[in-house]
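Visitor: Construct the entire structure; sequences and hints are all you get.
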Amino acid sequence: MKERKKVKKRSVFPKIAIVFAVVLMIFSGVVVYANTLMNTGNIYNNVFINGVNVSNLSVNEAKSLLENNFKFGTLTLTNEDKQWVQGLSDVGFSYDIDTAVEKAYEIGRKGNFLTNAIKVITLNSGLEEFIELETKEDYTKLDEFYNKVASEVNAEPVNATVSADGGSVSIIPSQNGYAVDIEKLKADVENAVKSSEEKTVKVAIPVAVKEPSVKTEELSSINGIIASYTSKYSTKDSERSFNVALAAQKLNGQLLMPGEEVSFLGVLGDVSTSNGFRAAKIIVNNEYQDGVGGGVCQVSSTLYNALLLGGMDITQRTNHSFPIGYVPIGRDATVATSGPDLKYKNSYPFPVYIKTYADSGVMVAQIYGDTTRSKHVDIYSEVTSTVEPTLVYKNDPNLPKGKEEIEDPGHTGYTSVTYKMVDGQKTVISKDRYTMTPKIIRTGTGPEEVKPAEDAAKTTTVNNVNAQQNSNETQEEPSIF
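Residue 222 in full-length UniProt numbering sits at position 222 of the sequence shown, and the numbers go up by one each step.
Honestly, I wouldn't trust all of these hints.
[Unchecked claim] Straight line, CA to CA, 16 angstroms or less: simulated EDC-like cross-link-like pairs of lysine to aspartate or glutamate:
#1 Lys103 x Glu129
#2 Lys136 x Asp96
#3 Lys186 x Glu156
#4 Lys71 x Glu198
#5 Lys345 x Glu261
#6 Lys63 x Glu134
#7 Lys403 x Glu449
#8 Lys136 x Asp188
#9 Lys439 x Asp408
#10 Lys210 x Glu144
#11 Lys71 x Glu134
#12 Lys401 x Glu449
#13 Lys343 x Glu261
#14 Lys210 x Glu239
#15 Lys71 x Glu102
#16 Lys439 x Glu388
#17 Lys63 x Glu152
#18 Lys103 x Glu128
#19 Lys63 x Glu102
#20 Lys420 x Glu382
#21 Lys394 x Asp378
#22 Lys236 x Asp359
#23 Lys420 x Asp378
#24 Lys194 x Glu128
#25 Lys281 x Glu239
#26 Lys186 x Glu128
#27 Lys232 x Asp359
[Unchecked claim] Computed spacing ranges between beta-carbons, pair by pair:
#28 Glu388 x Thr161: 23 to 33 angstroms
#29 Glu106 x Asn79: 43 to 53 angstroms
#30 Glu197 x Asn79: 45 to 55 angstroms
#31 Ser263 x Thr74: 27 to 37 angstroms
#32 Lys141 x Asn79: 17 to 27 angstroms
Derived from the structure by calculation, the hints contain no laboratory data. Even for Gly, the Cβ is constructed at its ideal location relative to N, Cα and C.
Guide: Dropping the structure here:
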């Protein structure tokens with residue numbers, strides 16, 4: 001028999017070792033290559049910031065390059081035919097170059113070694129990385145600029161007003177107001193800056209129109225006087241005359257839209273020295289006393305009559321405690337800061353304008369409106385009862401026995417009814433009561449005066465004349481309200 005030959009098996013280890021060695025050599029080469037590429041303090045290859053190639057530049061070189069390539073132009077804000085031009089950098093815009101360069105430098109450096117090595121190799125193989133250059137804003141500077149522009153554009157609306165003189169009327173037109181929408185302006189400018197390649201932007205200022213509350217066309221129906229009333233006062237009392245003129249001035253120029261109600265005191269303000277009024281006689285507790293604002297009630301009473309004749313609705317009114325001389329009984333209106341008020345309402349479907357003035361002893365109240373649609377109103381009042389002053393005697397030891405002097409002439413009491421006649425229809429406006437106040441006479445209880453006989457007749461005559469004069473002077477009511 002032939003002997004079989006033994007077959008020796010070859011080991012695969014050498015082959016594996018060879019492959020491993022080759023791979024190791026390749027990896028080592030790659031590592032050495034990557035390490036060579038990475039061993040630099042500059043930005044890696046193929047990195048761009050807003051299209052500018054910053055490859056292989058140092059951080060400072062990249063910043064300098066970007067600063068030379070990116071500069072802001074101007075910002076132009078427009079509103080109608082006006083414009084505001086300012087350098088974008090001057091108002092707070094700038095490029096965030098530091099952040100962009102930092103991001104560029106971090107490419108290939110912010111991962112682990114293997115990740116970074118792969119990134120660097122791919123960059124050198126042609127892969128490109130792009131960084132966007134952002135803008136940043138200094139809002140303090142921007143707000144200052146926006147507010148400056150807004151202050152020149154913003155305007156409050158102006159209501160239409162009436163100018164009336166001697167029955168002629170002219171309407172001063174209304175004007176729209178404007179308000180810059182600053183928040184929208186900020187957004188519009190920022191969007192324009194970011195989207196503009198030239199970085200020179202032009203933005204229309206967003207403006208909201210503020211309409212006036214009283215427009216020209218609303219007052220076009222006011223064409224003349226629909227009612228007027230006049231009262232007279234003595235100019236001898238300068239303080240009271242001053243108060244009448246001041247109150248008339250404060251009440252002048254009221255504009256009542258349809259259905260609008262107004263308070264006399266609300267328009268006038270406090271009857272006080274701080275509001276300009278002076279001391280003059282006023283009625284307190286059914287008698288004249290020193291106080292502030294004497295004369296104001298003449299203005300309220302004169303206006304009250306004009307309002308009645310003009311067809312206005314009177315929603316609040318109080319008569320004086322006793323009649324006053326400048327308007328008929330039943331047609332007065334008293335006011336006091338802490339007391340009664342005069343309130344009135346425009347009952348027409350069109351606006352009315354009130355003009356009040358006082359000069360040279362004449363107080364005038366005029367109601368202007370649409371003369372073609374106003375009412376014809378007649379006002380009259382009737383005294384329904386009269387109560388004469390009762391007599392009250394007061395003993396006075398300081399007067400000689402038998403002598404009398406009038407301390408207070410008193411006031412006659414009345415009740416009255418006031419009517420208005422509109423288109424033949426009679427309506428009661430008010431029923432008023434004026435308080436009677438007694439006539440007070442001081443009677444002497446002191447020692448009798450001893451006078452020479454020859455002068456008796458003369459003295460008696462003189463005393464009678466003086467008594468009569470005193471009586472007349474005291475009974476003359478001061479013209480104060």
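Visitor: So does Glu106 sit 43 to 53 angstroms from Asn79, Cβ to Cβ?
Guide: For Asn79 against Glu106, whose Cβ atoms are near 45 angstroms apart, the range 43 to 53 angstroms holds.
Visitor: Need the status of pair Lys103, Glu128: alpha-carbon distance at most 16 angstroms?
Guide: Holds, because 14 angstroms separates the two Cα atoms, which is no more than 16 angstroms.
Visitor: Is the Cα-Cα distance between Lys210 and Glu239 16 angstroms or less?
Guide: Violated: Lys210 and Glu239 sit about 44 angstroms apart, past 16 angstroms.
Visitor: For a C-alpha distance cap of 16 angstroms, please report whether Lys71 and Glu198 respect it.
Guide: holds (9 angstroms)
Visitor: Holds or violated: Lys63 and Glu134, Cα atoms, limit 16 angstroms.
Guide: Roughly 14 angstroms between the alpha carbons, so the hint for Lys63 and Glu134 holds.
Visitor: Taken at face value, is the distance from the CA of Glu261 to the CA of Lys343 at most 16 angstroms?
Guide: holds (7 angstroms)
Visitor: Please work out if Lys63 and Glu152 have their alpha carbons no farther apart than 16 angstroms.
Guide: violated (39 angstroms)
Visitor: Given the hint that Lys71 pairs with Glu134, does the C-alpha gap stay at or below 16 angstroms?
Guide: holds (13 angstroms)
Visitor: With the threshold set at 16 angstroms, check whether the alpha-carbon distance from Lys439 to Asp408 stays at or below it.
Guide: holds (6 angstroms)
Visitor: Okay, Ser263 versus Thr74 on CB: inside 27 to 37 angstroms?
Guide: Given about 56 angstroms between the Cβ atoms, the range is violated.
Visitor: Please work out if Lys236 and Asp359 have their alpha carbons no farther apart than 16 angstroms.
Guide: holds (13 angstroms)
Visitor: With a cut-off of 16 angstroms on the C-alpha distance, tell me whether Lys136 and Asp188 pass.
Guide: holds (15 angstroms)
Of the numbered hints given earlier, the model fails hints 3, 10, 14, 15, 17, 21, 24, 26, 28, 30 and 31; all others are met.
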